[in-house]
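Engineer: So you can see what is in the structure, the chains are spelled out below.
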Amino acid sequence: MIDFIAENQEFIYLLILMIFVGVELISHVPSVLHTPLMSGANAIHGVVIIGSIIVMGQAEDTVSLVLGFIAVVLGTLNVVGGFVVTDRMLEMFKKRK
Amino acid sequence: MIDFIAENQEFIYLLILMIFVGVELISHVPSVLHTPLMSGANAIHGVVIIGSIIVMGQAEDTVSLVLGFIAVVLGTLNVVGGFVVTDRMLEMFKKRK
Amino acid sequence: MNILYVLYLIASLTFILGLKMLGSPKTARRGNLIAAFGMALAIFGTIFLYEDEHGAHLGNLPLIFGGLVLGTGIGWLMAKRVKMTAMPQMVSFFNGMGGACAALISLIEYRHLTQHTHGGLSGILNSADSEMLTRLAIMYAGLIIGSISFSGSIIAYGKLEGKIKDKMLPGQQVINIGLFLGIVLLAVLNVAGILTSESLLYAVAGLALLYGVLFVMPIGGADMPVVISLLNSFTGIAAAFGGFLYDNKVMLIGGILVGSAGTLLTIVMCQAMNRSLLNVLIGNFGGAATGSGSGEGPQGTVKSINASDAAILMKYAKKVIIVPGYGLAVAQAQHVVHELEELLEAEGVEVKYAIHPVAGRMPGHMNVLLAESNVDYDKLVEMEDINPEFPTCDVVVVIGANDVVNPAAKTDPASPIYGMPILEVEDARQVIVMKRSMSSGYAGIENELFYRDKTSMLFGDAKKMLTELVNELKSMD
Amino acid sequence: MNILYVLYLIASLTFILGLKMLGSPKTARRGNLIAAFGMALAIFGTIFLYEDEHGAHLGNLPLIFGGLVLGTGIGWLMAKRVKMTAMPQMVSFFNGMGGACAALISLIEYRHLTQHTHGGLSGILNSADSEMLTRLAIMYAGLIIGSISFSGSIIAYGKLEGKIKDKMLPGQQVINIGLFLGIVLLAVLNVAGILTSESLLYAVAGLALLYGVLFVMPIGGADMPVVISLLNSFTGIAAAFGGFLYDNKVMLIGGILVGSAGTLLTIVMCQAMNRSLLNVLIGNFGGAATGSGSGEGPQGTVKSINASDAAILMKYAKKVIIVPGYGLAVAQAQHVVHELEELLEAEGVEVKYAIHPVAGRMPGHMNVLLAESNVDYDKLVEMEDINPEFPTCDVVVVIGANDVVNPAAKTDPASPIYGMPILEVEDARQVIVMKRSMSSGYAGIENELFYRDKTSMLFGDAKKMLTELVNELKSMD
Ligand SMILES: NC(=O)c1ccc[n+]([C@@H]2O[C@H](COP(=O)([O-])OP(=O)(O)OC[C@H]3O[C@@H](n4cnc5c(N)ncnc54)[C@H](OP(=O)(O)O)[C@@H]3O)[C@@H](O)[C@H]2O)c1
Ligand SMILES: NC(=O)c1ccc[n+]([C@@H]2O[C@H](COP(=O)([O-])OP(=O)(O)OC[C@H]3O[C@@H](n4cnc5c(N)ncnc54)[C@H](OP(=O)(O)O)[C@@H]3O)[C@@H](O)[C@H]2O)c1
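Residue numbers (our numbering), protein chains in the order written: chain B, 1441 to 1537; chain Y, 1441 to 1537; chain R, 239 to 715; chain G, 239 to 715.
Bear in mind the hints are in silico, worked out from the structure with no lab data behind them.
The beta-carbon is built from N, C-alpha and C at its ideal position, and this holds for glycine as well.
Check each hint, because a few of them may be wrong.
Stated by the list, open to error - Reference listing, derived: stretches of chain R covered by chain B, where coverage requires no fewer than 3 residues with Cβ under 8 Å from a Cβ of chain B:
#, segment
1, 316-328
2, 484-496
3, 691-705
Assemble the whole structure, with the sequences as input and the hints as a guide.
Structural biologist: See the structure below:
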């Protein structure tokens, strides 16, 4: 355990700091913004699409190609849909202000 | 430049996240707490004492020993004085509450 | 490749910055665009600059672009077409897609790993090569979490669309916990080399999908926003495991940020409703079949009023405050209420809307709903700011709201909503409550407000009654 | 050594957590203790577990412990003995010690490096070994920043103790900038191998010390809290360079946290006074010799009042609000004001203190001052909460405050304090202002409040006049 922590120090520091940043970012948000915030965060985890692009770009057999293609499409849905929906929500909030 | 960033990636991520955490920590603090907060932060940078301990523990000639000793004393002053003063300030704030 | 690392760094920064800016009304929209920009950088950077260990670039570019274009087209259309009030299920759907993407990545990498290792899965397990075993464990983690997130999100989507009803099997909690432990156990035994079947991973994927369904199924439809937020953070974690797998910092940062921010957001949403997360997940408070909160209901008589009397009251008032609630959304009465507001303003009545933070079924529900009918943003007043105004208000019109004006939250420590801040409509001279019956709202409890002397009930569907009010007002001139 | 890494990780967490907890009144004290605990872990962990590349432990333990004991003794005594009102200079002093420690570390490491490299400094420079050159650059950075922080802090300390007066040489800003550029240039030329003298580093150290002095010297004594906060973040950065030098994570985290938090804190402190940091550092606004803000002073007559009339006014009031300011601290009148408060309360008068966030000369100055005389914490009311109370208040007593009650902040866009929120004492029925003369406060501007009909001036030293008031009240019974 101790050796594991010592060996992956950098990573653990990174992890802790990131978690901390995520928590801090949310802790002072007014509740009307909860839904757009959730939606924005939803779009951001669409970054998983990068994994699907890599997988797809290295795929060799047909099954991998098909699965990879589906993964890319779904990931794009997450990213594009996520950001667009968030933008639409926020547009509502700003209206004529 | 680009190569430098790429090579020191981990470190740069760490740096940015740490700066961000530092900033976030302060941004919602009521102004009466500014002085104790400054004082607490002052104590924390006393962590520099660790460097002086290492230097001292590896010192060989007299000059290094003397300088190292001074550094340890000054660092300890920073740490101990810093935490104690902060505690005293905060004690004032809590009084009979 | 080095340029790609720099792009990833920039993208990570835009994610952090974007999330931060999303937290404040003034900067939220720009924050979203900044994060989207960073995402585009990361995606195109990967396509063109990614190199594997041997320095080879990515292949299959036409197919990749095909996928991107297809996904963009569908996503764009869906997001643009969806009705404002159906936003939460849309978010849930997109979240599910992200989860599925994460799960698929694990699947493909698993196939890749077993095909390219001598002896397949057994070869990997026997080699006891700790790096390979770690990769296998990460794949399992991404697969399980992604699958749960996918199927759970789809169920949540169905519930919000009204296509799936709440359903609770007998002993469901026990089944769920058992299933979850079973899934984890299978994965652990596989990685530990005790179970060695190559198709085990597919079985685990199936079980995880099942678990997602069973997990969300019994939770009340009204609690879906909380569940979606939780599944959102799950997908974040699944994405982070992807980052782990490829040692890819931007996936790691994006995933962990969303994982931790999403978890906190879930907790904060529960707090705003004065409940704990556990209570939402296993409690039956928001479920279909609940008894009323505290034993006996309040005693007293209920005064009812008709539309024409109510219209007269409002017409001759100086100040009217409208309290919209879930019922307004159900009745889709946002346009009529805006018409009423304009008629009253034309008569010289000051009209405002009192927005409770958890009115409706998702945070900001009322804002989104009323924005759709072009209600002036300045007329929407938050709870803390409007509460001091009730004493100077002649008529409060409560439209399809119930819990958010329930005085039990202040007076009855036994009430499940005790401690939740409410809109203090009782301070006004006169309260008109518009709803279809005496039945309770989300929390399933009685509301004493309806029995007060000041209160008059205007029974009926919100849209119908509002239309009547509007007609009355028009005919009076 | 692995255990040490874990200890460092824990210590880093305590620093983050401690700083966070310091930000909220309820948890602040515990936060400080938690950070202190982490520091102890890091220190003792280093002493006993540190190993160099060859696995050797640290030597000279008796001397190290001697230093620790000596430093602890002195630090503890100083921190315990210092008067509450002298806290800021104490912080400045300890900050200077940290800076000196960082500078000394660089010095010793430099000696070590040159002595152990074949050919000394020239050997290093000629080798063009990028790692060694990086180390040299880091040493310079730590040395320069640490030295500036040290000498600057000592000057700030002297100013707050009243031992050093503000002094501005002609053309000082230019000299300062030139000196700073010179220091950086020397260091760069040395690392680049263009200058090669082995004693150059010592010269740079001397110049940096000089720069610290010149940097702080011209800044007005009243601005010292801001300067101390800035120097505080400097020391943080110096410590971070130490962490860089030893690849030591806890030094890095502690240093950078303080560096970034300290910088933001400095900016926030400036904002609370409605000024920019640049304005504090080079502006003469807070300096000794300033003209009054906006051209002509207000016209009108000033009404003065004597102690016995003032005492009668207060005795028969229902509610009295006391507004303490810098003058109360100067006059050391905190105990008498508490006595006055108790006498009035005994008469049945409701007494509160209105605390402006930047009253006095450091944030929280009034809280600390009044806490010293055991004023009840509940009686200290923050600006936002007390402002609505002034309209229901019979008598406001302003004691040695000026800028924080200056209506120009609301009415005169040309005023240097325009935009700063103030205590709205004018809303009260009657205002008594206690100060020695008509002269201005920190911002150096006139105050129209003194010319208002409601206002009566009670001229004199705060302690003296308060004592008179107390005696009047006592003799009336
Ligand atoms: N905002 C969020 O994030 C969120 C998320 C999940 C849960 N919640 C919870 O939801 C509740 C929100 O409170 P609320 O006051 O807005 O709603 P509520 O307490 O759920 O009450 C809604 C009322 O609207 C009436 N209604 C339903 N359909 C109607 C129609 N067509 N026309 C007229 N009236 C109709 C219902 O009474 P009748 O049947 O008699 O008509 C019902 O009593 C809170 O308890 C909150 O904690 C909020
Ligand atoms: N709190 C912080 O963090 C901080 C830090 C730096 C600067 N500042 C600035 O300091 C100012 C604070 O405002 P403030 O209203 O507290 O103080 P102020 O505006 O500086 O006014 C203090 C007044 O006290 C009077 N005074 C001085 N000695 C006195 C004595 N012995 N007895 C009676 N009166 C005496 C002076 O008038 P006489 O000479 O006529 O007696 C003076 O006008 C603000 O401008 C703020 O921006 C604050």
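Engineer: The structure should be examined with respect to each hint, and the outcome stated for every one.
Structural biologist: Quick rundown of the hints versus the structure:
no. : hint    : verdict
1   : 316-328 : holds (count 8)
2   : 484-496 : holds (count 11)
3   : 691-705 : violated (count 0)
In this structure, the one hint that does not hold is number 3.
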